[in-house]
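Line order of the protein sequences matches chains A and B.
Per the numbering used here, residue 20 is the first one in the first sequence, and the count goes up by one each step.
Per the numbering used here, residue 20 is the first one in the second sequence, and the count goes up by one each step.
In short, the hints are calculated from the structure, not lab data.
Treat the hints loosely; a few may be bogus.
Claimed, not checked - Derived pair list, reagent style SDA-like, types lysine to any residue, alpha-carbon separation capped at 20 Å:
{"hint": "1", "chain 1": "A", "residue 1": "Lys299", "chain 2": "B", "residue 2": "Gly102"}
{"hint": "2", "chain 1": "B", "residue 1": "Lys224", "chain 2": "A", "residue 2": "Ser105"}
{"hint": "3", "chain 1": "B", "residue 1": "Lys299", "chain 2": "A", "residue 2": "Pro104"}
{"hint": "4", "chain 1": "A", "residue 1": "Lys224", "chain 2": "B", "residue 2": "Thr58"}
{"hint": "5", "chain 1": "A", "residue 1": "Lys295", "chain 2": "B", "residue 2": "Gly102"}
{"hint": "6", "chain 1": "A", "residue 1": "Lys299", "chain 2": "B", "residue 2": "Lys299"}
{"hint": "7", "chain 1": "B", "residue 1": "Lys299", "chain 2": "A", "residue 2": "Asp103"}
{"hint": "8", "chain 1": "B", "residue 1": "Lys299", "chain 2": "A", "residue 2": "Lys121"}
{"hint": "9", "chain 1": "B", "residue 1": "Lys295", "chain 2": "A", "residue 2": "Gly102"}
{"hint": "10", "chain 1": "A", "residue 1": "Lys299", "chain 2": "B", "residue 2": "Gly196"}
{"hint": "11", "chain 1": "B", "residue 1": "Lys299", "chain 2": "A", "residue 2": "Ile81"}
{"hint": "12", "chain 1": "A", "residue 1": "Lys299", "chain 2": "B", "residue 2": "Leu101"}
{"hint": "13", "chain 1": "A", "residue 1": "Lys299", "chain 2": "B", "residue 2": "Lys224"}
{"hint": "14", "chain 1": "A", "residue 1": "Lys299", "chain 2": "A", "residue 2": "Ala328"}
{"hint": "15", "chain 1": "B", "residue 1": "Lys299", "chain 2": "A", "residue 2": "Lys224"}
{"hint": "16", "chain 1": "B", "residue 1": "Lys299", "chain 2": "A", "residue 2": "Ser105"}
{"hint": "17", "chain 1": "A", "residue 1": "Lys295", "chain 2": "B", "residue 2": "Leu101"}
{"hint": "18", "chain 1": "A", "residue 1": "Lys224", "chain 2": "B", "residue 2": "Ile81"}
{"hint": "19", "chain 1": "A", "residue 1": "Lys121", "chain 2": "A", "residue 2": "Thr58"}
{"hint": "20", "chain 1": "B", "residue 1": "Lys224", "chain 2": "A", "residue 2": "Thr58"}
{"hint": "21", "chain 1": "B", "residue 1": "Lys299", "chain 2": "A", "residue 2": "Val76"}
{"hint": "22", "chain 1": "B", "residue 1": "Lys295", "chain 2": "A", "residue 2": "Pro98"}
{"hint": "23", "chain 1": "A", "residue 1": "Lys299", "chain 2": "B", "residue 2": "Thr58"}
{"hint": "24", "chain 1": "A", "residue 1": "Lys299", "chain 2": "B", "residue 2": "Arg88"}
{"hint": "25", "chain 1": "B", "residue 1": "Lys299", "chain 2": "A", "residue 2": "Pro98"}
{"hint": "26", "chain 1": "A", "residue 1": "Lys295", "chain 2": "B", "residue 2": "Thr58"}
There are 2 protein chains.
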Amino acid sequence: MPSRRQRLAEILDRSGAQAFLAQSRPNQLYFLDHPDPSTVISRGSAPAILFSADRTVIFPGIWIANACRDMLPNCEVIPCELGDPSPMDQLDAYLRKAGLKKIVSDHLSPQIAGTEVVVDDVGAVLRRCKDERDLAFMREAARISDLGMSTAFKTVRPGLTTLEVVAEGTAAMLRAGAEYAVMNPAVGIGTYYLDSGEDPRRVIKEGDMLFIDMAAYVHGYLGDMTRAVIVGEGNAQQRELLATVHQAYRAASQAMVPGAEGRKIYQGVVDCYAAKGWAKYFVHHLSHGLGLGGDRPGINRESGDVLQAGDALSCEPGLYVPGLGGARVENMIYVSAKGPEELTKCPIVPQLGF
Amino acid sequence: MPSRRQRLAEILDRSGAQAFLAQSRPNQLYFLDHPDPSTVISRGSAPAILFSADRTVIFPGIWIANACRDMLPNCEVIPCELGDPSPMDQLDAYLRKAGLKKIVSDHLSPQIAGTEVVVDDVGAVLRRCKDERDLAFMREAARISDLGMSTAFKTVRPGLTTLEVVAEGTAAMLRAGAEYAVMNPAVGIGTYYLDSGEDPRRVIKEGDMLFIDMAAYVHGYLGDMTRAVIVGEGNAQQRELLATVHQAYRAASQAMVPGAEGRKIYQGVVDCYAAKGWAKYFVHHLSHGLGLGGDRPGINRESGDVLQAGDALSCEPGLYVPGLGGARVENMIYVSAKGPEELTKCPIVPQLGF
Chain A
20 MPSRRQRLAE ILDRSGAQAF LAQSRPNQLY FLDHPDPSTV ISRGSAPAIL
70 FSADRTVIFP GIWIANACRD MLPNCEVIPC ELGDPSPMDQ LDAYLRKAGL
120 KKIVSDHLSP QIAGTEVVVD DVGAVLRRCK DERDLAFMRE AARISDLGMS
170 TAFKTVRPGL TTLEVVAEGT AAMLRAGAEY AVMNPAVGIG TYYLDSGEDP
220 RRVIKEGDML FIDMAAYVHG YLGDMTRAVI VGEGNAQQRE LLATVHQAYR
270 AASQAMVPGA EGRKIYQGVV DCYAAKGWAK YFVHHLSHGL GLGGDRPGIN
320 RESGDVLQAG DALSCEPGLY VPGLGGARVE NMIYVSAKGP EELTKCPIVP
370 QLGF
Chain B
20 MPSRRQRLAE ILDRSGAQAF LAQSRPNQLY FLDHPDPSTV ISRGSAPAIL
70 FSADRTVIFP GIWIANACRD MLPNCEVIPC ELGDPSPMDQ LDAYLRKAGL
120 KKIVSDHLSP QIAGTEVVVD DVGAVLRRCK DERDLAFMRE AARISDLGMS
170 TAFKTVRPGL TTLEVVAEGT AAMLRAGAEY AVMNPAVGIG TYYLDSGEDP
220 RRVIKEGDML FIDMAAYVHG YLGDMTRAVI VGEGNAQQRE LLATVHQAYR
270 AASQAMVPGA EGRKIYQGVV DCYAAKGWAK YFVHHLSHGL GLGGDRPGIN
320 RESGDVLQAG DALSCEPGLY VPGLGGARVE NMIYVSAKGP EELTKCPIVP
370 QLGF
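I would like the entire structure built from these sequences, with the hints used as guidance.
Shown next as structure tokens:
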């Protein structure tokens, strides 16, 4: 595959543009010439970075001006100290001088006399097909997520709060090198409170259905997975609910091959739940894209992209039945030319600590 | 002090309005009739809640409809299941039927024929003066923050990454009951990279200046503090830098009395740093409000509120000197009629683990 910057240059060439103005963090991390840009722009983003075929010009905030200067030797870094014009004003002045005929921008931009500004997130388009570096960092994000999730579930036992459980999982991910990690637990019976409406200080009880979702960032890449269990034996209906979610996950993830239509995969999950009379309790999306953020493809009730080789997306059917509880399973899937590969490796049924 | 709802009713009365439409989470948590609304709306917010003198009508998303129904018996909860009209459409229909002459809204709202909608965040105004419940929850948020910060610093020693350090502090806060907790470390010498531009996987070295900021939510209330240290002895200039930040913190926090002008307190910090030739390295705000979110008063370079008894705000001077390192101290301050009270209790100089 040609390099990221080569592919960007080709797109710009085709549309007669001389530069790409990136204001979104995912695009900045994607195109910066550095082995791990998340170590430079470690939080937030630079107000603007201008990528052209042969140069990179960074307009950093005061917070990261020195870091960019010291750690990005191949870029032109506009100085920013207290009292200097704002980065966006400096960008404006720079563009007026540069006299570019046309630039493509991932966000709305100020009007520059003599320069045509086209708003088009070509970065998001290029980022969709994962390259070697994407995959290496995503595997690491999945590995750290696996570690956090298994650590959390090994801690689960009646009498602990869900916060005590996610404390262990969160710490494990930070120790392993995630630059950010949060875990969202949901526990209960008799409701389908889902992500909200649950006090995380609530004490886990025998017979609860418990699921934990999470988000971690590793080298700027999202790690994301969900596991669900019954605490103890549960009743027959709860066991059927959990088994049905597992079944829906397996069918949906196996259907994630190049050329598959997202809306058909979604309908497969709906049909699986409808067979038990539970279709109305599958209330959310099935998939969001994975990568540096704002990624395609996505699959939800209203729409679904057609999958392509090189895609990466979540697969997360969930079912939240009043009177029984909620369950969701989520793995990270890479759509290779040969078919779906689970980047998430830990078993679908996590081991509990009692 | 009259109750929150009484004070709201008075404001509405004065402006001839019959209800307050709250879409922001802080306002929803503030006015809901429940001993701890953060256990019901535990993440995110309801799309809309309508507060009038004698009733509360909630338009929840599908995620929290059942939780609101079960846990808020004194409210009218509009059902929301898969296939129902959206909460905002239901609100629209409700308002059309209700025939209210005038409502006040904290966000832009759809136009309702026959109803005047005034956008005015009266919730934020009422929330500024802290009541007993605010203070109880804020003290708890400060206590848990203290615990997390001291735990993190007790872990600091050369050879560990900053992520290994914040893992311990974060876990301590979650175990203690914070519903959300993150810590942002910054370590380095020779830069003032501040919050960004630092790889959190970086290994701590003897002679580093290290500071850790954090954010925790406890019963919906922000816990927020920062501590700074030199790892080991450091050099004379580093010690002077840290002592200067401590001095600026003490003077600024002691000046936080009712009637004090924020811009004068800010200027005091600038003057303190200017005496050492470091004024240009104090690049951020001094204070933001504390509470449920989006709180006043604030103090920054451009503006500063006049402080009032009942205010709660951060006090966080910081100084980031190229070649030496960065330091910031931040405590949570309550402005009582008698003067400033530090809600943050742990010592300004944290104990290290070596």
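Structure versus earlier hints, numbers of those that do not hold, lowest first: 2, 6, 8, 10, 13, 14, 15, 18, 19, 21, 22, 23, 26
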